[in-house]
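**Student:** If you read the protein sequences in the order shown, they are chains Y and D. Position 98, counted from 1, in the first sequence is what the working numbering calls 132; the numbers after and before it change by one each time, with no gaps. Position 241, counted from 1, in the second sequence is what the working numbering calls 275; the numbers after and before it change by one each time, with no gaps.
No lab work stands behind these hints, which were simulated from the structure alone. Just so you know, not all the hints are guaranteed correct.
The list treats identical chains as interchangeable, and a pair is accepted whether it falls inside one copy or across any two copies.
As the list claims (entries may be wrong) - Taking lysine-lysine and the DSS-like style, the derived pairs with C-alpha atoms no more than 30 Å apart in a straight line are: (1) Lys319 / Lys422; (2) Lys423 / Lys361; (3) Lys361 / Lys319; (4) Lys361 / Lys298.
Protein chains: 2
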Amino acid sequence: MKATGIVVEYNPFHNGHLHHAAKAKELSGADVVVAVMSGQFLQRGEPAFADKWTRTEMALSAGVDVVIELPYAFATAQASEFARGAIHLLDAAGCASFCFGSEQGEIEPFLNSLELLNTKREQYDTIIHDRVQTGISYPKALNDAYLSLKNSSSRYADLTKPNNILGYHYIEAAHAVNRAMAPLTIQRIGAGYHDPLEPGVAIASATGIRNAFFEGEELGELAPYLPTSSIRLLERVHAEQQGFVDWQRFYPMLRFTILREGPKALARFAEVTEGIENLIHESAKRSETFDVFIARVKSKRFTRTRIQRMLTHIFTGYTQQEAQAVKQPEYIRLLGMTHNGRRYLNERKKAIPLPVISRAADLTGSMGQLDIRASTLYLQAIGADSLKKEYTTPPIYLGDSSDK
Amino acid sequence: MKATGIVVEYNPFHNGHLHHAAKAKELSGADVVVAVMSGQFLQRGEPAFADKWTRTEMALSAGVDVVIELPYAFATAQASEFARGAIHLLDAAGCASFCFGSEQGEIEPFLNSLELLNTKREQYDTIIHDRVQTGISYPKALNDAYLSLKNSSSRYADLTKPNNILGYHYIEAAHAVNRAMAPLTIQRIGAGYHDPLEPGVAIASATGIRNAFFEGEELGELAPYLPTSSIRLLERVHAEQQGFVDWQRFYPMLRFTILREGPKALARFAEVTEGIENLIHESAKRSETFDVFIARVKSKRFTRTRIQRMLTHIFTGYTQQEAQAVKQPEYIRLLGMTHNGRRYLNERKKAIPLPVISRAADLTGSMGQLDIRASTLYLQAIGADSLKKEYTTPPIYLGDSSDK
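Generate coordinates for the entire structure from the input sequences, incorporating the hints supplied.
**Tutor:** Structure, rendered in structure tokens:
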């Protein structure tokens, strides 16, 4: 059996994701779609609006065959590390190709960009370093470096676009893994990432959908944008979790943690650098809500996403020391599979170079312990009753594929 | 004007405390009663059931003239350190005497004990050290040491009794401060410390009264045991805090904090020693309620009180490093005063060797910052709205003494 890989967060799973999984399979000619998915915390530095098991079930109900958890150490890291961890896992899982959505919609410009940047790596790194020193954000510096190097006679990926940047990092990571995993891309269609919901557009952004949740829209009204299975699972998790999860919900715990650590100690957590610890501490002291808090801390230099990643690391107690020890993903944690996915894994099993983990209790190394810790804290912040879930939930198995 | 000092927690202020304050004044012939009171966390390693301002107001309404906050670094330390900090502050506040309640009820046996133990200090310390090594608790070791040294021809304080032990430490501390502050004691009357409430006994234990609260008794039914002013203030704080405070209420935050730190890092907090960090971590993971949790952790060697002090330090992030840096109290933080108390302080002001602090913003050193942190975390754990209180609450002034 042949597999293609995708990298996802499914926050939540919507029609755009349905399209992505189907197209990945079609373009690659694969029999199964393997998704590497962030766990309880996401790359933009946020707790997932619903736990990883619910999001896994959504994916399995709508075209994905295997869901693997991207370890916390990669899932909440900056884009290049996120991509590196994800691509490494797709490679380990035996995917012959991987497929990402991009604004670009064609693979060639990405390959040109990679070649350009690889041949001019030194200049590129120097420019990024210098630009970051002037106080601009990392994505902006990356784009500036790239613009100043590119050759007008070739077609390059537009690295001002968020999905193109991520795609570039996937390709860069796949190149480094040095294996014949073929890169594929599909055009993102429908709404942009940050766009609000538009009636009549069958593909809405995850952000738009989440905002609709938090503004109290009925789940039923989101039916045009989500597979029926997603709606059903969202209704279930909404009842179980007593609402959806966002930073505002976790703010009492976050604020407590920031105030408890004090400004000095905050500087030891991953990504917390350059004296921002005082601003974080002072703002937490003065802000009653998360929105007020983040508005006080974010700036042109420290984007909301970057600040949120710092907050995620403070929340989970993830230190710079821990981050520096991260090398490669050390295991494949299986969150779920369809009947088809199980057949693939059984066939493939012996060729997989990493341990395939079905139970949290088997995660004995520090990378796995961190995943357990992050998940447990997420569950504790929702409500103490569900704390054992991390240990007792087996990989979700969806034998019935009638939903697809 | 002449002052006598008392050391209190008022958790809550009840008829026994009323008796104590009145008797201290009577025995000492003082014009004012100065109380050194624990802040938001207590010596038995618990959050106070009501905030320090409410407890101050109870005290001022019922016979105490000046309330000074015992800094966290002493208030939550073991008995000898607790006593040392409190006595130091009473001395700094200019008290000519201090008065404590004891099972003994007479001062001479305490002075005999002190002399005995001072002359045999080395043997005493050796015995305590050896006994603790065998796995028995510190108070038990202290009592064993003392029993094996005492001379049958003199009358000694019975150091198996909790209030006698504390009294002994007061006298020991006053002796070390080396000043002519006269020790006085009164017989504790009514219920014992741990006794449940008994109808018809006008003095009930604070523990008994608190248990009645948490078991849902109407405040009005406690009228026989508390001054009217205390009942009124309890009703107010119950509404403000949405109930009273105990570890169960703080358990979600405590549990989150323990799980976030992980077993290894727990060992850096004050009093967390001898490998108990693993048991604390494992028990937090498995226990849905504080009662179940503490039952799992406490033992003959690690008493409930000792464990609770560890938990308090974990909760507030108070490290061994911070604890080791503690020397003497560095300021007199004024929580409240009556008209009479204000007159005394004004008269005395210039002779007070420590800064008298009325606003949290003036607590700039690490000891004061710790007080702010502990109080702020207490407020945050109750509910975010009241977080600024630590900064905005001035010392309570009770001009009207009609209540006494």
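**Student:** For lysine 361 vs lysine 319, is the C-alpha pair at or below 30 Å within one copy, between two copies, both, or neither?
**Tutor:** between (36 Å within a copy, 28 Å between copies)
**Student:** Under a CA distance limit of 30 Å, which applies to lysine 319 and lysine 422: within one copy, between copies, both, or neither?
**Tutor:** So lysine 319 and lysine 422 pass the 30 Å test across copies only (8 Å; inside, 32 Å).
**Student:** Between lysine 361 and lysine 298, at a C-alpha cutoff of 30 Å, which is it: within one copy, between copies, both, or neither?
**Tutor:** both (27 Å within a copy, 22 Å between copies)
**Student:** Is it within, between, both or neither when you check lysine 423 against lysine 361 at 30 Å Cα-Cα?
**Tutor:** Close inside one copy (28 Å), not across copies (46 Å); limit 30 Å.
Checked against the numbered hints given earlier, the structure satisfies every one of them.
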